[in-house]
Amino acid sequence: MSVREFNVIVAGVGGQGILFTTNVIARAALKLGLNFAQSEVHGLSQRYGSIRTELRIGSDVSSPLILEGTLDLLIALEPLEGLRQSPYISERTTVVMNNHVIPPVGAYLERFPIPSFDEILELMRSLNPKKIMVLNAYDIAKKAGDYIVANTVMLGAAQATGVLPFPEGVLREALEEVSPSRYRDLNLRAFDLGRESVSPPR
Amino acid sequence: MGDLLAPANTIEVLLGNEAVARGALEAGLNVAAAYPGTPSTEIGEALAKVAKRVGIYFEWSANEKVATEVAMGAAWSGLKALTMMKHVGFNVASDAIFTLAYAGVTGAMVIVSADDPHAHSSQNEQDNRHYSESVGLPMLEPSNPQEAKDFTKEAFELSSRYRIPVMVRTTTRISHQRGPVRLGEIKAGFSKGKFVPPEPDRYLQVGAIARKHHAELLGKLKEISLDVAPSYTKVEGASDAEFGVITSGVAYAHAKEALKLVNVDAKILKLGMTFPLPKKSIGEFLSSVNTALIVEELDPYLEMRVKVIAKDYAPEVEILGKLTGHMPRVGEYTMRTVLEGLSKALGVAPPVNFAEIDRRSSEILKKVPPRPPVLCPACPHRSTGYALRRAAGRAAFMGDIGCYALLFQKPFRVEHVTHAMGSSIGLANGIDVATDQDVVALIGDSTFFHAGIPALINAVHNKRKMTVVIMDNRITAMTGHQPHPGTEVNAVGDEAPAIDIEKIVRSIGVDYVKVVDPYDHAATEKAIREALKHDGVSVVITKRECALLTVAKLRRQGQKIVPYRVNPDKCTYCRVCINTFACPAFVDTGSLVEIDPTVCFGCGACVPVCPYGAFEPQEGSLNWREQKIGV
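One line per chain: the protein sequences are D and X, in this order. Heads up, the first sequence is in the working numbering, so the first residue is -13 and it goes up one at a time. Heads up, the second sequence is in the working numbering, so the first residue is 2 and it goes up one at a time.
The hints are simulated quantities; they were obtained by calculation from the structure and are not laboratory data. Fair warning: this is a prediction, and the values are worked out from it, not measured in the lab. Be careful, since some hints might not be right.
[Stated by the list, open to error] In the BS3-like style, the derived pairs of lysine-lysine whose C-alpha atoms are separated by at most 30 Å in a straight line are: (1) 261/X / 128/D; (2) 116/D / 367/X; (3) 17/D / 261/X; (4) 50/X / 17/D; (5) 213/X / 188/X; (6) 561/X / 129/D.
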């Protein structure tokens, strides 16, 4: 199969499983023999701060960093962090967004107003992305067995958008391969629930 | 995630750092030693994980200089040795490395310097290409994970051939880039070597001997510049183009795509060896173009050297870069940086309307609250910071390198300084000499072993009055939990003698020493108050393991993490918790404080913070302090 360029950002708060989520997509790309480059964050900057990983898939890709305005898929594990990617979002972007806002504690100390989820969604819409899908990933994850797999729920939802350049099934197989054994079943359950529970496109 | 030991001729997903490790294994690595530091850490982590299976020796050393000397010892005994460090770690090791270049090796040795343009996880944006030239060691610079593996392997071959160590320089976007890597055969293993100096004066650098070896080194470098450096150059693009780009490392990856986007006839000279430079290859490239743009991160290292080469080969060619204001010198390069520079150099409009993107997104970003990294929920440093604020609020606080550097933030603000490894205690010496202020040095366990001990000895011997708080979280936490000399296991998971920090401190002659659990806020505060009153050097050790370790252990034991809750009948919305303790699990609803159950680790450290006792356990919640979990 051939893909020229497909750009993904997984954004959230350090500790939400951002890297794992991106690794699963990268593994799917590897299984299909696609070229890709993934940039990730390690070290101090990952401690409960804004985190994003960038994954670029395709034969035209050499830089590991995404150019502003050229994002194809945004997986926002936390909605404020999704909004923070606004320079990358354009008409070609599909947004999959968790609706659970985690307020940065520093904002309280600086008296920085924290937008509600509805305000965040409105701002996201103003960027005119191709599609926005919203889900309550934590509730779905709890149904799967543990809120810690909210990231995998989001991955299932991303698959359900149909924008990923992978044939059906490959991402789930990649998840199965990358999951540590004691989380494998939980992850797969979460993935399936996420895939089934995407709210209808606006 | 990648399988470091995947079979030859397969393609595996590897992080740039894992690719370096794999390259070393394919080269026949015997011994590796390092001190963790972002962005270099995962090289060591990868090797630690497979060391026993492939039969190599790996250690996390006390600091980068010791690590370098361990590797040197192996390379002087005929073995193949590797050491790796972050850019500022090289400063620590450099005393050994400068002279090592004269001495050379009998086996092979590779030194990896992982630089951090943008200072993502560092205190500066130091450009270690300068080191390569001033030390006199050849430097290879990969531009993606595949090259990270290949160049590392080849660096060992070059080191064996020329009998000098070879440097591999990566940057954050190479170290932390994951990509497909085609693998070769692993040859690593361990057998004893023999320390036999090849000549009687080989390792005795002084005076005339040093001068002789210096001349010899310069000879080798000249040979390498003629025989090796050209094979690491690659020319791409339209051969008749009059516009050229000279680049290396990850900047090459950006430039290659950016050139496609501007859609102008151009060619690229990619340099894989940035010291010594392939003078003739660069000269010939320059003679073939009218204009050359130098695309490199940080200092105008290539730009200045290319200008010198141009004098001999193509004095008419226009050379653009940082010195001409076309490319920035601060921060890392992105696709945008390179596109903008390129467009400016070509005198065309950028193919992307950045002004429009900025206009649209800046309105939105104004409404998104910043989220800098903060101490994790349950972090013992939060409790130490809380106690310090209450007990020593007016002191001059000398911080150090570790997660606890985040205590500079509100509401704690008990770090006035973050400088270099071990500097907290050294600086406290100086501030105490110079002022009448109370001085507190804050240092972590791993940093104390790395560079804190000499400064503490200095303080006692010179009769300083200062308080040192050693925040012992039982691991090197910031870089992702590597063992250090104070842990009961070593890098490869074997039991190891744990060096006792309290005993070290007492043996130095510190006569006020207190060890406390930082979750016991009252005891911690009391110890700090007493320490500040003590006439001399006082040490408070706040000892509790990194919360991420505790949570991981609890989860492994199948223990459910049950968050705490706020009793809405007791919460008066006084916000004391947010204003003094600031756990990231706290949520201000506008009328109450709540705990976000997806963030809370259920430690219970917040319980004593609320004057109204509103933080309560739920069914199944633990109390780490009372149940002695994590201590």
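* Against which earlier hints does the structure fall short, listed by number upward? -> 1 and 5
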